[in-house]
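Two chains, two separate frames, one set of hints: put the complex together.
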Amino acid sequence: MQKHLKVSAIKDGTVIDHIPTKALFKVIKILKLEECIQMVTFGNNLDSKAMGTKAIIKIANRYFANEEVNKIALVAPHAKLNIIRDYNVVEKKVVEIPKEIKGIVHCFNPKCITNGEQVTTRFEILSDKPIAMKCYYCEKITNENEMIFF
Amino acid sequence: MQVKSLISITDFTKAEYLKIMRLAEDFEANPNQKLLQGKVIATLFFEPSTRTRLSFETAINRLGGKIIGFSDSSSSSVSKGETLHDTIRMVSNYADMIIMRHPLEGSARYASEVSSVPVINAGDGANQHPSQTLLDMYSIVKTQGSLDNINLFLVGDLKYGRTVHSLIMALLQFENPIFNFIAPPELALPNEYKIHLTEKKILYFEHSEFTEIINAADIIYMTRVQKERFIDPVEYEKVKNIYILRNEMLKNTKPNMKILHPLPRINEIHTDVDSNPKAYYFTQAKNGVYTRMAIIAHLLNLK
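As given, the protein sequences belong to chains A and B, one line each in that order. The first sequence begins at 1 in this note's numbering and counts up by one. The second sequence begins at 1 in this note's numbering and counts up by one.
Keep in mind that the hints are not guaranteed to be accurate.
List of simulated lysine-lysine pairs, PhoX-like, C-alpha gap at most 25 Å [claimed, not checked]:
id: 1; chain 1: A; residue 1: Lys129; chain 2: A; residue 2: Lys22
id: 2; chain 1: A; residue 1: Lys134; chain 2: B; residue 2: Lys194
id: 3; chain 1: B; residue 1: Lys80; chain 2: A; residue 2: Lys111
id: 4; chain 1: A; residue 1: Lys140; chain 2: B; residue 2: Lys80
id: 5; chain 1: A; residue 1: Lys102; chain 2: B; residue 2: Lys4
id: 6; chain 1: A; residue 1: Lys140; chain 2: A; residue 2: Lys99
id: 7; chain 1: A; residue 1: Lys99; chain 2: B; residue 2: Lys200
id: 8; chain 1: A; residue 1: Lys134; chain 2: B; residue 2: Lys4
id: 9; chain 1: B; residue 1: Lys240; chain 2: B; residue 2: Lys251
id: 10; chain 1: B; residue 1: Lys201; chain 2: A; residue 2: Lys134
id: 11; chain 1: A; residue 1: Lys99; chain 2: A; residue 2: Lys80
id: 12; chain 1: A; residue 1: Lys26; chain 2: A; residue 2: Lys102
id: 13; chain 1: A; residue 1: Lys29; chain 2: A; residue 2: Lys134
id: 14; chain 1: A; residue 1: Lys92; chain 2: A; residue 2: Lys22
id: 15; chain 1: A; residue 1: Lys99; chain 2: B; residue 2: Lys194
id: 16; chain 1: A; residue 1: Lys140; chain 2: B; residue 2: Lys14
id: 17; chain 1: B; residue 1: Lys200; chain 2: A; residue 2: Lys134
id: 18; chain 1: A; residue 1: Lys11; chain 2: A; residue 2: Lys80
No wet-lab data here; the hints were simulated from the structure.
The following block holds chain B by itself, in its conformation from the complex (with noise of 0.2 Å):
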């Protein structure tokens, strides 16, 4: 049986993106639609994570549907060395849909082969992460009105931030999007992308300096410079406050202009941006749930 799975988030077609964008907006202005009732919704977070397990689960119980898991592997059969494969076999009887953090990449494409019933990719590895860019992208749709003719600026890692690499895949489905990647050349975005965006005729340009040019972003995309990315920590040193949005740098920056971040932030939001009307990303975070809920929903197809 072919079930329909949520696994990179280039499984979904532009009219699906569209769909969940929809739904969001009307979970979100309706937040509590019963459309789970009588449904066993199974978590199963192989490694831990708070944020997207509780952002999932009140999705789910939103929906009023029942849930099933571990928040961590130790407490589950996976610590007597059951392998995956048996895991997402018996728990695809009990369950109704699979909501699913893996450490191994590749890990929830496999279990959606083994699966009866659909399955959600919560995070493999540094792999996918789909309900985060669909979050992202409901972001960007609620605060600049569309997905097309978007400015968005990367900062921070852009080789290694997997929300990164799945966000620029999804807006070159839509129309005129300009990139603009900030960051230090150590974690400059994977050549296979940039190709990619010039085989597409897409327009990007490349900084290493984090300045005014922030001035023409719609959306700026925070992401953060981790320590362990760099291979000589005097590299990391050079670099680590460079990378650093600070309120003053807004001054001059569009009026709708929104950062976005995936959180947990660091460093590289200055708090003192956080009460700048810009700061969109404990907004974008409370989006995440409208966004799962419309996920849910759809791949169920209760909507």
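Isolated chain A (complex conformation) (with noise of 0.2 Å):
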């Protein structure tokens, strides 16, 4: 039977897999996609034997640091990239949970400084399942449930 990939390859770029369906805008918006000028597709709701249904994004031409791709973590932790060159995957990465998150998420206590004034948020990751965050500013915890996305 033939293979249809349901979003297009790409020849150059990077592939990201394994998103949840839920998280895929949320990627889109800590990745910056929406000012991209390089061809972007995506999907969503696709079959997934490990989660169901997933969603995958395709970025032509364009390649992440770690410390950049880790942001998309919080959201998509079981994330997958696939490093495409030539229309060969050249290298395959997976994200992690970096120790500091800057910006991203808001800190859950209304009276901290940065609900309060335009200060980019920071956070020490304590742990990472469940994610639970100290905030640099009010020192508060702000745990997997709570967290709400910029």
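Following this line, the structure appears as structure tokens:
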């Protein structure tokens, strides 16, 4: 049987696979793909053996530094990256939750200065399963179920 | 330019705690040392706090410095909508140090990033108030001779009391502390601190009764049980009179035991305790001036 790609292949660039369906647009936002001038294609609610359904993003002619792509680990902890050159996968990467997160997430504490003035949020990751992160400013801990993304 | 600020109690090392203790002792022996001659210190109190502000301003005056600032944000440009960022940028051009209190948590840390001069956090909401902790530590050193081997009883609101949390974190730097926590279940110490103590293999005990167990204490640290902390007013009514320290309870406590309280007190220490030599809270407040002189001198490298 002929295999049919639901999201067309790219010659060079990055494929981000195994994104939870609910996290697709968050990943697009975190990686600022709406500002990307290269071809970006994505699919959502695709069948996945491991996840049931998943999302996938293909970004042509674009490669990401680890610290840049690791930012998506908060919303897509099992995401896998395929680095494509001339239609071939030349490298595979998994995302890792970084030790420190800047921006991306609000501090859950309404009395935190980051919710009172224009201050970029900054967190130290205390644990990754489940996620618990300590605000650098107010020192309160934001848990996974309290995370609100910018 | 990286300048040294004091925002959280954990910003200082053990060596710095000990230096502050030594300097405070020195300032207590010689309170009028004009180390701040020619220097201007800004005290920015975005919310009112008579006690802390007067204590800092006394410390600055004793050191011969000049003070600029405000004691209430309604009398500053903040009332016109100026951001904290802009206020701090402006004031750090005028002053050699900024001492600030602000209702938003994390505001002092943010100010220290924006400021070109050292910042002392004199309270950021319910978060941190490190000069209080250092004066608590100085009071312990003065009365017990050391910060090692202290059996500390913390009583009252251990859930929201920032002075309690900071004092625990600071004493963890010293040898063999023993912590006893006496609080109603609604105001028990947050789990994160208990986990931290367990990880560090530090001995601690939790009690909901306020009884003769205090006889083992070197220090009893009292805090206020505030009505507004309770969701159910009935729960408050049940416990409001349980955590009151009375003179008769002190009969069999250690001769050198001392009672501390960050003040203001409402009714959690009965006034009949005040004349007992074990009552130390007013001297503790006085120690605050020497401790704050020490913090200022240390951060400005004057000593």
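Results of checking the hints against the structure:
1. At roughly 19 Å between alpha-carbon atoms, A:Lys129 and A:Lys22 fall within 25 Å of each other, so this suggested pair holds.
2. Taking the CA atoms of A:Lys134 and B:Lys194, the gap is about 17 Å. The hint holds against a cut of 25 Å.
3. Of the pairs offered as hints, the one joining B:Lys80 and A:Lys111 holds, with about 21 Å between alpha carbons and a cut-off of 25 Å not exceeded.
4. Only pairs whose Cα atoms come within 25 Å are accepted, and A:Lys140 paired with B:Lys80 is rejected, the gap being roughly 29 Å.
5. For the proposed pair A:Lys102 and B:Lys4, the alpha carbon gap of about 23 Å is at most 25 Å, so the pair holds.
6. Using a Cα cut-off of 25 Å, the hinted pair A:Lys140 and A:Lys99 holds, with the two alpha carbons roughly 16 Å apart.
7. For the proposed pair A:Lys99 and B:Lys200, the alpha carbon gap of about 22 Å is at most 25 Å, so the pair holds.
8. A threshold of 25 Å between alpha carbons decides the hint, and for A:Lys134 with B:Lys4 the separation of about 22 Å falls inside it, so the pair holds.
9. Between the alpha carbons of B:Lys240 and B:Lys251 the distance comes to roughly 23 Å, so the proposed pair stays at or under 25 Å and holds.
10. In summary, the hint linking B:Lys201 to A:Lys134 is supported, as the alpha carbons are separated by about 23 Å, within the 25 Å threshold.
11. Between A:Lys99 and A:Lys80, the direct Cα distance comes to roughly 19 Å. Compliance with the 25 Å bound is thereby established for this hinted pair.
12. Note on A:Lys26 and A:Lys102: the hinted pairing holds, with a Cα-Cα distance of about 15 Å set against a maximum of 25 Å.
13. For the hint pairing A:Lys29 with A:Lys134, the CA-to-CA distance comes to about 23 Å; that is within 25 Å, so the pair holds.
14. Between A:Lys92 and A:Lys22 the CA atoms are separated by roughly 23 Å; this keeps the pair inside 25 Å, and the hint holds.
15. This hinted pair checks out: A:Lys99 and B:Lys194 have alpha carbons roughly 23 Å apart, not beyond 25 Å.
16. Only pairs whose Cα atoms come within 25 Å are accepted, and A:Lys140 paired with B:Lys14 is accepted, the gap being roughly 24 Å.
17. With a C-alpha separation of about 20 Å, the suggested pairing of B:Lys200 with A:Lys134 holds against the 25 Å cut-off.
18. Taken as a hint, the A:Lys11 and A:Lys80 pair is honoured in the structure, with Cα atoms around 18 Å apart against an allowance of 25 Å.
Of the numbered hints given earlier, the model fails hint 4 alone.
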